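Visitor: Turn these sequences into a full structure, and let the hints guide you.
2 protein chains.
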Amino acid sequence: MSNYTAPVDDMMFLLNDVFAFEKLMKELPGHEDTGADLAASILEEAGKFCSDVIAPLNQSGDQEGCKLENGTVTTPKGFPEAYKQFCEAGWNGLSADPEFGGQGLPRVLQILFDEMVCSANLSFGLFPGLTRGAIEALMHHASDDLKSTYVHKMVSGEWPGVMALTEPHAGTDLGLLSTRAVPQDDGSYKITGNKIFISSGDQDFGGNIVHLVLARLSGAPAGVKGISLFVVPKFVPKADGTSGPRNGVWVGALEHKMGIHAQPTCQMVYEDAVGWMVGEPNRGLNAMFTMMNAERLFVGIQGLGIGEAAYQKAQEYAKDRLQSRSPDGTRGPVAIIEHPDVRKMLLQSRALTEGGRALAVWTALQMDKAERHPDAAIRKQADQLVALVTPVIKAALSDFGFETAVACQQVFGGHGYVREWGMEQYVRDARIAMIYEGTNGVQAMDLVTRKLTMEGGELPRRFIALVKAELHAMGAAAGIGELLGPVKESVDRLERVTEALQKHATNGAELGAAATDYLRMFALTAFGWLWARMAAHALEAGADPTPLHRRKIALAQFFVARVLPQTLGLERSIMAGAAPLMELEADLF
Amino acid sequence: MSNYTAPVDDMMFLLNDVFAFEKLMKELPGHEDTGADLAASILEEAGKFCSDVIAPLNQSGDQEGCKLENGTVTTPKGFPEAYKQFCEAGWNGLSADPEFGGQGLPRVLQILFDEMVCSANLSFGLFPGLTRGAIEALMHHASDDLKSTYVHKMVSGEWPGVMALTEPHAGTDLGLLSTRAVPQDDGSYKITGNKIFISSGDQDFGGNIVHLVLARLSGAPAGVKGISLFVVPKFVPKADGTSGPRNGVWVGALEHKMGIHAQPTCQMVYEDAVGWMVGEPNRGLNAMFTMMNAERLFVGIQGLGIGEAAYQKAQEYAKDRLQSRSPDGTRGPVAIIEHPDVRKMLLQSRALTEGGRALAVWTALQMDKAERHPDAAIRKQADQLVALVTPVIKAALSDFGFETAVACQQVFGGHGYVREWGMEQYVRDARIAMIYEGTNGVQAMDLVTRKLTMEGGELPRRFIALVKAELHAMGAAAGIGELLGPVKESVDRLERVTEALQKHATNGAELGAAATDYLRMFALTAFGWLWARMAAHALEAGADPTPLHRRKIALAQFFVARVLPQTLGLERSIMAGAAPLMELEADLF
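Going down the list, the sequences are from chains A and B. Take the first sequence: its letters are residues 891 to 1479, numbered as in my numbering. Take the second sequence: its letters are residues 891 to 1479, numbered as in my numbering.
Bear in mind the hints are in silico, worked out from the structure with no lab data behind them. Please note that a few of the clues may not be correct.
Put simply, identical chains are the same to the list, so a pair is met inside one copy or across any two.
Stated by the list, open to error - With a straight-line cut-off of 30 Å between C-alpha atoms, the simulated DSBU-like cross-links for lysine-lysine are:
#1 K1378 with K913
#2 K1147 with K1209
#3 K1147 with K957
#4 K1043 with K957
Treat the numbers as computed from the prediction; the structure is a model and nothing was measured.
Guide: Below you can see the structure in the form of structure tokens.
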């Protein structure tokens, strides 16, 4: 069975045909020269690197896992070398600021690259992913001194980054954390406390490690308003910028996890560790949120990446494996891809994966606009749209990535349950994306409580209006008619439910009871819109569509006919309200 | 955190209040004396045994796994001793024929016991479960000689049973299998071939092991009509009935699996192994199907058992874990069971688990009727209903068991992803039940192709009529009104879709395209009916309901309001037909 192959054609279809990438880039100062040809050649190169260097370590890394010996983590065979190649080829700084050694490419190329890395090897992908998040936080909130000490080396990949938030009794509720920071005379701090679930907490890649740690100053207010953010390096940098003496940053233990075994998820102990504050005292959560929004998008991409990789293996297996007779009973054994239920699992997997990719690309382009567009009003509008869909991408794409991994595993029957083909690893690895960076339930709460009320409730209305206008404009495309009806119906449904929830804006129980169903409904409806858009562009090929265009049209039809109807039940379920959830006393559960 | 506690009160509510167990038993010769008190005391004892002896080995067994050394399997620490206790206490023969040393108890108690064993330790539960299936096949098809040699020792547990069907290229399609059987002069056969995925293929419990092996006689017709069934013991019994010389039955390797690590799933090699035919030549699949129907019910119960165990841990954690403020914002941190989305995950888990148990109990009582009722017409009717719902129980209860394990893992956040609490093991273990004994897709095909056409299509109509009549009769119960409407609506929906599928009876593509959605719709609708029934009985308690009754009513309301609406989307999806699945050529996937 072949290894992972990056879906560059599908990605370029989105960039070129669906989202007019080149035209948009010409409007964005700094990205004017990033044309479609450059994008295609970067994605081709990226795909080759992921297939050749990272993907071959995925199964071996899972089986070998990480080790903790004498206080130091050893990653699986091949990881340090692959990481070195990754950095040397410049992939670590793809979208980073050129001032700090980055290549300054648009975010949309970054997220497509991220997808490839996560398809190839999720455990590996977390190393650069977390570094990027840490860079983001420093770029937005750190002093120039801190930036000049750390960011260049983080962009090069020499000093990877780590986010240290969670403590045993402070997960979702970071306000409960108790790690302490004590100011020193020289302007630094001494950090002491225990953190758990720290991805990339330690490794053997040879450089320094830059921990961003949330901690509490003595006398700080209780709760989230008393948390500050600190840079805590594993080795204290010397004046010349190189790594200096060992800091009080220790690995207490490696977590024993369901998956991502090649990723050293650590329990960290900070003992009088020297650190420097990032941003203002007691405003650490604010700084961390800058990082977390980018991370949340990345976590959605992780689900997408695993879904793509699992699909690739499943469709290949389904074409090879001969079993049972054809549906009309005339031939057998036939390749199982002839069996309707196998087709259904594959089409659903692909429709959810490509729908997710379309939403992620749309969002990343909004982020590029928000960062670079010359018109401040457009920047702001784009930024708000990103805020609206970030929880949807994080939660829905990770949910669908897991569902896709499970469905693709099912295509293999018993062969999916054993280790050999790698399908069960996808399921174990995909599962984490639904949990970390804020569980998917927390994302859904963010959507219904904070995002639905932004701009006085105008933001979701603006999104829905945008979708409706696009669907209306598509009405003219040949052959799109039968698709458009159910999609419009689902947008009306989303609008009705959104308005109903906005009326509950101060009722935490009603919003909470609706949250996860609403987020799923939002995502499926957005996918419906984007599948209509993809189909409309594919239909432009007219009477002689390419195989790619025919596949897009078939996937759009499948999605609308067989997946989108879930929104019917979700509406009914949401509108039943909170009472059926809230009335039973806790002790009767 | 406490270990597993058997839900005996919930089970007795079903037996006593919902299904009038004692009354039915009095009608069944041989079970007249099995009253409610006896049932309760058996379930209490069973629960204690599972909690005290089997459950403590669940996590350690997962972590230790099985070993293959010098051709022999070693099970994890404690397993041989626990198995010995299990057999000595008589649990292995709970529902087996007293003529062969069994206790002859009704099947409904067997399946409730099975649920407990699977909650406590799925890997362990497969040993007696497979033995019971093997006994069933021998009881129905083997010669008296074979029965007298094997069955008594299998009922006692001394000689556990194994089903050896699958080969590398013959999974769902057993017609492709190539293991050979060569007749010997003494009436025995020599069996040669390789099997994979063989649960309980070997162990270290000290007795003989009875393999039931599917193989092909030379010159047998191709396909499933050329398969015969053989008893192939690990040790050839001597004339005095004790284990004799080693037979050509070898473990080639242990499978490396996602879960059920304490269960030795083997690749088996049969080399000129002595065997004896069970039943007629070339009718082996028929004999195996006797076993498989019981096994399929058991696999559904496995999903149920894991769902129950996962729920127990999740609700306890949710009551303990303090995080974030109450939905009205007035208090915090509060136990996470106050958060609506956590409640939703828990209620959904419990509603699906108890709904599944109700359907399983109803079905087991039909089996008891089918075996013992004095009226042949009633026996036949009951048997047909069992045939109808067997694929639904296998597939839906294993799907829901997995979904429940995933939801309950989610309640733990990051603590669900690490090994410590055992939640990730439930997910890994539950996954297998959707695959083996015929994948859930195969079950769905069985439902739509074979079961919907039984009795000339009358069987599903009879089931729906029975449900409708019960719902109609419930109309009088106080307070049931608001529940009944949506349930009746979903039954009408099931009826419409069933009729539509019956019109496609010869169209394999249409049936296959509908199959999994239809099975889920069937299951949810059946749960709706049974939740109405449970609520009606709970409501009989009137103005002063017990906590158990209040919980049943709340769960029924939750299920109808927040889960049953899925059937809306399923209907729409099914009615969209096969075209969206079948039109794309395989090479464009």
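Visitor: So, for every hint listed, does it hold in this structure?
Guide: Verification of the supplied hints:
1. K1378 with K913: Intra 28 Å, inter 55 Å, cutoff 30 Å: intra-copy only.
2. K1147 with K1209: This pair counts as between: shortest inter-copy Cα distance 24 Å, intra-copy 33 Å.
3. K1147 with K957: both (13 Å within a copy, 22 Å between copies)
4. K1043 with K957: within (26 Å within a copy, 47 Å between copies)
Hint violations for this structure: none, all hints satisfied.
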